[in-house]
Every structure is written in structure tokens, then in C-alpha cells.
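S.K.: So the chains spell out like this:
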Amino acid sequence: MEALQQELKEKIIKILNLEDISVEDINDNDPLFGAGLGLDSIDALELIVMLDKDYGIKLVDPKEGKAIFESVATMAKYISEKRTK
Amino acid sequence: MKLRDVFITEQNCITPIGFDVATNIQNIANGQSGIRLHQNKLLMVTPFYAAMIDDAIVKTAFQKYADSANYTKLEQMMILALLPVIEKLKPIFNQKTALIISTTKGNISALEKLREQHLQKTDLNQLGRVIATFFGFSTVPIIVSNACVSGILAVGIAKRLIQSECYDQVFVVGGDEVSKFVLSGFNSFQAMSDSPCQPYSIHRKGVSLGEASAAVCITADATNATMRIIGDGAINDANHISGPSRTGEGLYRSVERALLESAIDRNELDYINAHGTATSYNDEMEAVAFNRLGIAHVPLNSLKGYYGHTLGASGLLETVIGIQSVLENKLFPSLGFDEMGLSQPLNIIGKNEQKEINYWLKTASGFGGCNTAVVFQKMTS
Amino acid sequence: MIKQATYIKAYCSIQNNKIDLNGTSVFKTGECLFVDFAKAAYRNFELNYPKFFKMDNLSKLAFLAAELLLKNELETDRDIALLLSNKSSSLDTDIKFQESINNQENYFPSPAVFVYTLPNICMGEISIRHNLKSENTFFIFEEFNPGFMSNYTNVLLCTNRAEEVLCGWVEYYKDTYRAFLYIVTTTFGIPHDATTIQTLFNK
Chain X
0 MEALQQELKE
10 KIIKILNLED
20 ISVEDINDND
30 PLFGAGLGLD
40 SIDALELIVM
50 LDKDYGIKLV
60 DPKEGKAIFE
70 SVATMAKYIS
80 EKRTK
Chain U
0 MKLRDVFITE
10 QNCITPIGFD
20 VATNIQNIAN
30 GQSGIRLHQN
40 KLLMVTPFYA
50 AMIDDAIVKT
60 AFQKYADSAN
70 YTKLEQMMIL
80 ALLPVIEKLK
90 PIFNQKTALI
100 ISTTKGNISA
110 LEKLREQHLQ
120 KTDLNQLGRV
130 IATFFGFSTV
140 PIIVSNACVS
150 GILAVGIAKR
160 LIQSECYDQV
170 FVVGGDEVSK
180 FVLSGFNSFQ
190 AMSDSPCQPY
200 SIHRKGVSLG
210 EASAAVCITA
220 DATNATMRII
230 GDGAINDANH
240 ISGPSRTGEG
250 LYRSVERALL
260 ESAIDRNELD
270 YINAHGTATS
280 YNDEMEAVAF
290 NRLGIAHVPL
300 NSLKGYYGHT
310 LGASGLLETV
320 IGIQSVLENK
330 LFPSLGFDEM
340 GLSQPLNIIG
350 KNEQKEINYW
360 LKTASGFGGC
370 NTAVVFQKMT
380 S
Chain W
0 MIKQATYIKA
10 YCSIQNNKID
20 LNGTSVFKTG
30 ECLFVDFAKA
40 AYRNFELNYP
50 KFFKMDNLSK
60 LAFLAAELLL
70 KNELETDRDI
80 ALLLSNKSSS
90 LDTDIKFQES
100 INNQENYFPS
110 PAVFVYTLPN
120 ICMGEISIRH
130 NLKSENTFFI
140 FEEFNPGFMS
150 NYTNVLLCTN
160 RAEEVLCGWV
170 EYYKDTYRAF
180 LYIVTTTFGI
190 PHDATTIQTL
200 FNK
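Protein chains in written order, with numbering that gives the first Met the number 0: chain X, 0 to 84; chain U, 0 to 380; chain W, 0 to 202.
Okay, chain X solo, but in the shape it has when bound (with noise of 0.2 Å):
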């Protein structure tokens, strides 16, 4: 989990343009929307296509995304339980 946590801050920074921002600024349990990170809603997009894309999750309902990315530790524990690559 700690690598799968590690292995996620890396691409969200790097998928997501977060130039300023370094492994050691995101914590685990830290919120990525809204005040967090101050991600937005093409962010929310496009992390659903890095779950499809890198996990092989496809995620039906793009709603259920709000729980899942609420921070990495709650998606490293949903991409543990769903993941299928």
C-alpha cells in the first residue's frame, strides 16, 4: 500500500500539471479537491482516465469518483481492491 500510495502522488503530480508540488507536500489522508491540492473538475476527468488507463478500472458511474478521490490513501485502497493491471 505504502508503494501503491508513493506510485500515485508521483503520477497525480505528473498527469496533472502540479508543477510547484513535490511527493513530500501530498500527505496520504490529505483532500485532493477543494482546498487540498485545489484540484478541479477536468482533474477529477482525467484521474478517472489514469484508473482505466494505468489500473485497469473502468469507473461506470462518474460520480462514485467523489469518494474515490477523496484522497490517495482512499484511492490506493479502492485501486488495491479493483485493480485488474
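Rather than coming from a laboratory, the hints here were simulated on the basis of the structure.
What you are looking at is a predicted structure, and each value in this text was computed from that prediction instead of being measured.
Just so you know, nobody snuck in bad clues.
Quick partial rundown of chain U residues pointing at chain X, CB under 8 Å, derived from the structure:
# : residue
1 : Ser-187
2 : Phe-188
3 : Gln-189
4 : Ser-241
5 : Gly-242
Glycine included, every Cβ here is placed at the ideal spot set by N, Cα and C.
Please build the complex by placing chains U and W on the supplied structure of chain X, with the hints as guidance.
M.R.: Then chains U and W, alone, in the frame of chain X:
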């Protein structure tokens, strides 16, 4: 400074439910939609709903005028839309006659090959040249590419250019096609409906895409005019690049500006031809803006249920259909609407109605936070 | 035609790793890719706007030029219309998006790329940054069209649709780029006409 009056004299459209205005109106009156389920793996892996025109039908219609091999489908559609307008009016193509092209993606399907000779086809200037050359325009085509408001924005721009005497006559032609590019993009936005789109409905699940072309003649000459363009505005939300403002700020301000210029009382509006894409956020935003404006009681429809979202063509196509429905004093139902799905009321047209219409409003909103509103007045002979 | 006098208040040009403001060089780098140049400019002018890094190259280019022209006016509520134009629309980003959907086995269309496949998005970015709830139009021309741009700018100003107009040319395709943005007002500055803006563009 006194500005000139501006009029619309002729219009036409090419759509899945007709290659002239009369056929389109007939089909709309019969509740006929162009949206179908398509299974075309070249466009999208999974089946999708869209309003598309069969390539062969476009080709057959076009072949009467020129060799279709030399023109893309979109070019053929746009030329076919403008052709009867030009033939009827026989304009003099001098420096006072302009051509405005409105399109969101132009010949984007040519991009699929990703080779240089095809890339040239995607150049919007080339699309403009093809159409200008076909008819013999002597002015450089003015190309408006402003996301989903392009079509109605082009009407507003034409009006302003004539008002200020830059041109005497402007032909506006708009068009967009359904492509793998746009289908996959809207799909990645989770914005595609898995059933025909249902603007303003509680059951709405997103857009159905469509393809169409439309054309109008906008002029300073009132002879045979059907509409006077009496106000317009195109104001940005300054809020988000893809999502509409939750307060409908840009649309609110665009309509305010258009009404101010029109010098009519908002209670005189008889009809609103709105954008109504059937995405959750867009339709809700419109309801908020129209309520803030105090025009929520005005009968309103979205024509997306008949045509899908035809992007850069939509605002112009919907204006063309709006003009004809106003001339015939007909209000057409907002197809796909069943149960109210907005937080605030709107007077959504549910069935065919006869109503005296004099003043009406066309609106659109799009990516980039853009909005446009245009107010028209019917010319009475 | 509209005859009221209008003026160019300020102008900014970006090309070949160099930024000029009102004819004076304010920033340049050595040979490098546009993304690196844009990042260096962002750092140099201490823009502090992380969304910049999410933009496509066309938006970054337009944003940088607009930033230099508008940064001193951030506090006031101004009605500045945006009137931009270019040749290649969003083709550079269109190609990037097309590459993400061309291969059926590797078909992952990116929403963050798709949103930039419209040329007017760069105006949306500028509007958001400077809170410009104002008139917005993007035109496509074969080349910079000073005649049309000056006419249409004057239409906006003289029909009271805006107090000022931020207008110009912003072209990006395959690492070749050019921005030429200028602010037109009714009060003071260099007389605004087609010949003058063509001359400033050619510098």
C-alpha cells in the same frame, strides 16, 4: 452615433431531417428527430446516439452542382446550405459583401491520417477559401471559431459589421460534422448521453452530437426582410474553461446587453430559443440565468432533441429554424423534455402551439466560458 | 464607417524566445523549446498562478502576453473585451489529442487535452485570471489582418461594448509561435489604425 438597422432576408439549412427549411419544419412539427443509434466502430468503439447525415445523400445532392470528389463532406454541406440563398439573392461580390464562416472543428476528421497533406485540409482558412471560391466572394472570409457559440456569435458579428458600415451584406454559413475526434472528446468528459438527449429533463444524461450546416443573409437592405436583429451580447463567464458559471453570469450579462440594445421591455419577449444541451450543468445554468433575468415565464425550447448538438453550426441552425417558426407563429415542443429537472422554473414548450410571436431571443453558451444572446424582431409587412 | 479616434495604450510581442513590451525587450532566453521558455518567463515575472502549467502552449502564449499588458491593473474592475485571432486555430493541440485516440489498443482520450482543442479557450484563461466578464471573440485568418481587427475593435469601443479592447494575434504550431497583443482605448496612446498595428506587428 446613429447605427444602421440590420435585417435577415434569406436562410437555409442542411440537416439529417431535411435539406431545406420547409422539410425541416415539417419534420419538427411531426416530432421527427434526426438522432439515431449508430454502430460505427470507425467513429466510436461502442454504439452511440447522434444525428448524422448519410454521406451518400450529401454526395448525390452536391453532385448536381460540382464534382463531390473535390470537396469534403463538410464543405459540400456548407456549400449546399448557402447555395439557394446566393441563387435567390444574386449578390454582387464587391468589397461590401462579406462571408463569415462559423465552425468549431471544421474538417477535423482529416486529422485522422496525421499526414501533412491531410493536415492542410484541417486548416480553417482552407475551408474558408473553398467556400469563398465556389461562390466568388472577393473579400477574405472571416472565420469565427468560438466553441459552441460560434454560430449565433457569427450572427451578432455580422450585425455589428453592418451597423458600423464595414459591409452592406454578410453571408453567414456555419457547419460542423460528427467525428471520432469530437465523439471521443465529449465521451472523455462523461458528457455523452446513452439515449437521445433530453434537454431540461430530470432524466437528462448529457449530449447527443449532431452534424448540420446552415446559412443566412444579413443585410442593411430591408427589402424582403423577415427579421430585424435588434440587440446582441457575447460576454464571458470568467469562471471556468469547461464548466458553466453556476450563477449563469455570462449568459445573464449577454442577455442584459442584448435587451438593452434592443430597447424592448423584457416582458415583450414572446419566445426563447435556448441552448439546452442536456448536460446537467448547462441546463441548470440556463434556468438560473433566465430566472435572474425575469424571463423564466417566456415559452422556451431547445432544438437539440431534433438535431443533437451540432457545435459551431448549432447557433446558426437554431436561428434558421427559429426564424421560420416565428414567421409561421408556431412554437415547437422541446423534444425529449418530460419531467422538470431544474432547480428553478422555466416555461418549456411541451406541444405544438400557435402563438403570435414578434420579439424573440436566441442564446448559446460554450467551452471557454463564452455566451451569446441575440434579440430578433419579426418584420410585419 | 466609424470615425472616432482610438489609441494603442500598450503592446506586447512574444517570438523566438523573446518578449518585448512597448518596443523594449523585457525578457529573453537562449535557444530552447517553447515550454521551457514559457516556464522561465513565468518564473522571471513571478506570476504565481499554478494553473499556468495545466494550459496548452497556445494558452500559455496568450496568457503571458496578456499578463504583461494587464498585470498593473489587477485591482480595478475593468470592462476589457478580448479580440484574438490566429492562423492555425488549436491545431497543435488537436494533433496531440488525435494521437491519444488513433490507436485502438491505446485509446485513452484525455479530457484535459480535449478542452484545449478550441482556440477560444486561451481567452477563457485570460478572462478567469483577470476577472474579465466581457465581450470575447476568436477569429481565424490566413495572416494577421490589421484592417479587420482595427475595424472590429473600433466597433466594440464606439458602440460602448467595452472600455478597452485587448486584441491581437496569437499563433502556435509545432514550436513556432508568435504573440502580438495590444490594448486599444478611447483616451490616449499611439493612434490606432491598420497601418500602425501592422508596423508594430512587423517589428
